[in-house]
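J.: Under the working numbering, the first residue of the sequence shown is numbered -6, with each subsequent residue one higher.
Please keep in mind that the hints were generated in silico from the structure rather than gathered at the bench.
Just so you know, even glycine gets a beta-carbon here, dropped at the ideal spot from N, CA and C.
Some hints here could point you the wrong way.
Said to hold, decoys possible - Straight-line C-alpha distance at most 30 Å; calculated DSS-like pairs for lysine-lysine:
hint	residue 1	residue 2
1	Lys64	Lys100
2	Lys48	Lys100
3	Lys48	Lys64
4	Lys48	Lys156
5	Lys64	Lys156
Said to hold, decoys possible - Listed next, with one range per pair, are the computed distances between beta-carbon atoms:
hint	residue 1	residue 2	range
6	Ala99	Ala60	18 to 24 Å
7	Thr57	Ser146	16 to 22 Å
8	Glu87	Pro67	18 to 24 Å
9	Ala71	Gly165	28 to 34 Å
10	Asp93	Leu161	38 to 44 Å
11	His101	Gln38	14 to 20 Å
12	Asp90	Leu161	18 to 24 Å
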Amino acid sequence: MTRLIISGLLAVAGMVSSTSAARAEAAAEAPGFRPTLTVQTVDGQPFELSAHRGKWVVVNFWATWCAPCLKEMPDFSAFDQARDDVQVIGLAYEEIDAEDMRAFLAKHPVSYPVSIVDLMAPPPDFDPPRGLPLTYLVAPDGRIAQRFMGPVSSELLTETIAKVGAMLSAGGAP
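Based on the provided sequences and hints, a complete structural model is requested.
T.: As structure tokens, then:
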């Protein structure tokens, strides 16, 4: 009986997750779609994606147990500090409380804000990660410019910003 209940709950969770993913994917493909993201960071500060219009925003889904994610963190910190036109936000996609996350960040400091994502209610305008790391580059106009599955380097971000920036300057879309 317990197995039947657990199986039913997993099926419902899977349907909710796939429905959310399909909705996020369809919205992201809509012309002119500008995702929203409003989270509280682990240091208690609000982060609102729309407040960073005019800058490139790197939205990075990661986890403390993800080795490639940990390798990206120093590079993202340096990138965030080196460029006035960029803001990085780390979205920890795991079950961890804020106190444990702050302890982790004390050992692995970053220069950008970090928020913990509720696994059952991820940000609705972004696909729920099916693997980590997952990174979105949001253009200064608020549209998603690029989605990266797997590790990303500051060099790749710089190249993508140059390419998409040129398209935007020419009147194109990301």
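J.: Which earlier hints turn out false for this structure, listed by number in ascending order?
T.: Going through the list in order, the structure violates hint 12 alone and respects the others.
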